[in-house]
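These are the residues of each chain, in order.
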Amino acid sequence: MTERPGEAAGPVGAAPAAAHGHSHAHDHAGDCCADHGGAGTRPFDPTALIGARGLKIVRSGRTILSDIDLDIHAREILTLIGPNGAGKTTLVRALLGLERPDSGSVRRRPGLRIGYVPQRFEIDRTLPMTVARFLALGDGARKHRIASVLEEVGAARVVNQQMSELSGGELQRVVLARALLNDPQLLVLDEPVRGVDYVGEAELYALIGRLRDTRGLGVLLISHDLHVVMAQSDRVICLNRHVCCSGVPETVAQHPEYMRLFGPEQARNFAVYQHHHDHRHDLAGEPAPAPSGNAPPGGEQ
Amino acid sequence: MIELEPFLLRAFAAALALAVVAAPLGSLVIWNRMAYFGETVSQASLIGIALGLALGIDITAPVILVTLVVAGILILLSRQKIVPLDAILGLMHHGALALGVILTLSLRGPAVDLMSYLFGDIFAVTTTDLYWVYGGGALVLAVLAWLWQPMLRLAVHEELASAEGVDRDVVKAVFIVLLSLTIAIAIKIVGALLVIAFLIVPAVAARPFSATPERMAVLAAAIAALSVLLGITLSLNFDVPGGPSIVLFMAVIAALSVGSAALTRRA
Chain A
-16 MTERPGEAAG PVGAAPAAAH GHSHAHDHAG DCCADHGGAG TRPFDPTALI
34 GARGLKIVRS GRTILSDIDL DIHAREILTL IGPNGAGKTT LVRALLGLER
84 PDSGSVRRRP GLRIGYVPQR FEIDRTLPMT VARFLALGDG ARKHRIASVL
134 EEVGAARVVN QQMSELSGGE LQRVVLARAL LNDPQLLVLD EPVRGVDYVG
184 EAELYALIGR LRDTRGLGVL LISHDLHVVM AQSDRVICLN RHVCCSGVPE
234 TVAQHPEYMR LFGPEQARNF AVYQHHHDHR HDLAGEPAPA PSGNAPPGGE
284 Q
Chain B
229 MIELEPFLLR AFAAALALAV VAAPLGSLVI WNRMAYFGET VSQASLIGIA
279 LGLALGIDIT APVILVTLVV AGILILLSRQ KIVPLDAILG LMHHGALALG
329 VILTLSLRGP AVDLMSYLFG DIFAVTTTDL YWVYGGGALV LAVLAWLWQP
379 MLRLAVHEEL ASAEGVDRDV VKAVFIVLLS LTIAIAIKIV GALLVIAFLI
429 VPAVAARPFS ATPERMAVLA AAIAALSVLL GITLSLNFDV PGGPSIVLFM
479 AVIAALSVGS AALTRRA
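Chains as they are written, first to last, in the working numbering: chain A, -16 to 284; chain B, 229 to 495.
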């Protein structure tokens, strides 16, 4: 029941072990752009935290998203990548229930709690707001809860600072802390590393990975930039108004659709952050013998 | 030197009550970047005054009606993508003011004192006006107590607040009704042109000395109340109009506050 080979999200999510064995050559036929015929008819996956089937969103006459199928499970990091204007944020809004789909549907596990870390968090300087007050805003979280959740994200020392005086990385951690306050099962982060420096970026991703492990969270991560994120992801969906390709990071980075969207330069950068490889891929994604030990795969053909 | 005549008591009572009501409302107006929106709506209230005069009724109800209609038009226009919102606000703001002045002056002949509607006539506040200020003010504060948290959350981040379950449209609609009611109450005291200053200038003055939103609202109320006392005193002693005197003190305090904060930050 959980294994549906034709699903756009790809069978690799259900069997990550197989993916690490790089037995993914067969994925491409089913995952790639050409195949959208039967979308919307597949049943929802009962084990998923949240799922979408045949999602279509049209705004002012433009089709922003079509035929989106996806599932997010507990303890899984799903990264959504795509160029600007690909509909990533719209998809997230639809999953959060902020955007009404024109067709298709979203199903959440009953009682699902979602922690949301939105894109571009800039607090107006005219609004005085300490970190503690921000975290208490709304449901009035208790002091010790605030302290412990700030500790968890490594931002305990900013508790009494003004929100408008935080650095990009500190602000992201504080917003993440707020998302964690209601004990979510699913964490949704829209471009969390924007405005965060390079080191902070890697630390933030490591933190998200740790939260997944300690809290057993499902994580949906939106990115237009592949760099460090991929190492932590279980699955990647490449979006450009529809699901272009999906699979484990290695698969997606070698996928022709991905290459077309991001260009070979970006694809090479991505590869740098992978674990040790004993082979490389050709453009079709077929494993090929590596020329030498650590050379980035997907390099010169 | 100042004798507390009944008209003077009424002036103080009305202006001080308004100061307390306007401070938290004005803070929310600034945080949600609605200052220009509020200004446009408040200047359009002149059309409501003209309507009231034409019908020969108290201006409060027609002012509320017109401000709500203008606010509704602004919200609808803000959704189109052809002209940016600030251009729309500029157009509406001056258009409404022009229409209001023409209507007010043409409807009832020369008897209308336009100045008192534009800048208020604080010493002409009647006992009925006081009921409006206190009754309406208490209502605004009561609803605002309920609206405070959701409005703050919207000011912090609209998307996040919506995702967490704040109904953005309902909260903003109720807030706009409160704003319109406050403008209608305040207009007899400070006039159509100055009412928005009464709302936002004390909040601006309070900002540099506030670490939390609540402190900013309370401090803004204190600054507004002080300005009322100083302004009315100035007005009595030098025979200058009351509303502008109060707003002048608010502006001076705000300039000193922001200026000193800017200097100490640089040092």
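These are computed hints drawn from the structure, not numbers from a lab.
One should not assume that every hint holds.
As the list claims (entries may be wrong) - In silico SDA-like links for lysine to any residue, alpha-carbon gap of 25 Å or less:
(1) Lys126/A to Lys309/B
(2) Lys39/A to Gln377/B
(3) Lys126/A to Ala373/B
(4) Lys400/B to Ser485/B
(5) Lys309/B to Ser147/A
(6) Lys126/A to Gln308/B
(7) Lys126/A to Ile106/A
(8) Lys400/B to Thr356/B
To be verified - Below, a sample of chain A positions facing chain B; criterion: calculated Cβ distance under 7 Å:
(9) Asp85
(10) Leu95
(11) Arg96
(12) Tyr99
(13) Ile106
(14) Ala115
(15) Leu120
(16) Gly121
Unchecked claim - Pairwise CB distance ranges, derived in the manner of DEER restraints:
(17) Leu367/B to Arg25/A: 51 to 59 Å
(18) Leu358/B to Lys126/A: 27 to 35 Å
(19) Met343/B to Ser150/A: 46 to 54 Å
Positions of the beta carbon are idealized from the N, C-alpha and C atoms, including for glycine.
Cross-check of the supplied hints:
{"no.": "1", "hint": "Lys126/A to Lys309/B", "result": "violated, 44 Å"}
{"no.": "2", "hint": "Lys39/A to Gln377/B", "result": "violated, 34 Å"}
{"no.": "3", "hint": "Lys126/A to Ala373/B", "result": "holds, 23 Å"}
{"no.": "4", "hint": "Lys400/B to Ser485/B", "result": "violated, 30 Å"}
{"no.": "5", "hint": "Lys309/B to Ser147/A", "result": "violated, 30 Å"}
{"no.": "6", "hint": "Lys126/A to Gln308/B", "result": "violated, 44 Å"}
{"no.": "7", "hint": "Lys126/A to Ile106/A", "result": "holds, 22 Å"}
{"no.": "8", "hint": "Lys400/B to Thr356/B", "result": "violated, 30 Å"}
{"no.": "9", "hint": "Asp85", "result": "violated, 19 Å"}
{"no.": "10", "hint": "Leu95", "result": "violated, 13 Å"}
{"no.": "11", "hint": "Arg96", "result": "violated, 11 Å"}
{"no.": "12", "hint": "Tyr99", "result": "holds, 4 Å"}
{"no.": "13", "hint": "Ile106", "result": "holds, 6 Å"}
{"no.": "14", "hint": "Ala115", "result": "violated, 9 Å"}
{"no.": "15", "hint": "Leu120", "result": "holds, 6 Å"}
{"no.": "16", "hint": "Gly121", "result": "holds, 6 Å"}
{"no.": "17", "hint": "Leu367/B to Arg25/A: 51 to 59 Å", "result": "holds, 54 Å"}
{"no.": "18", "hint": "Leu358/B to Lys126/A: 27 to 35 Å", "result": "violated, 43 Å"}
{"no.": "19", "hint": "Met343/B to Ser150/A: 46 to 54 Å", "result": "holds, 52 Å"}
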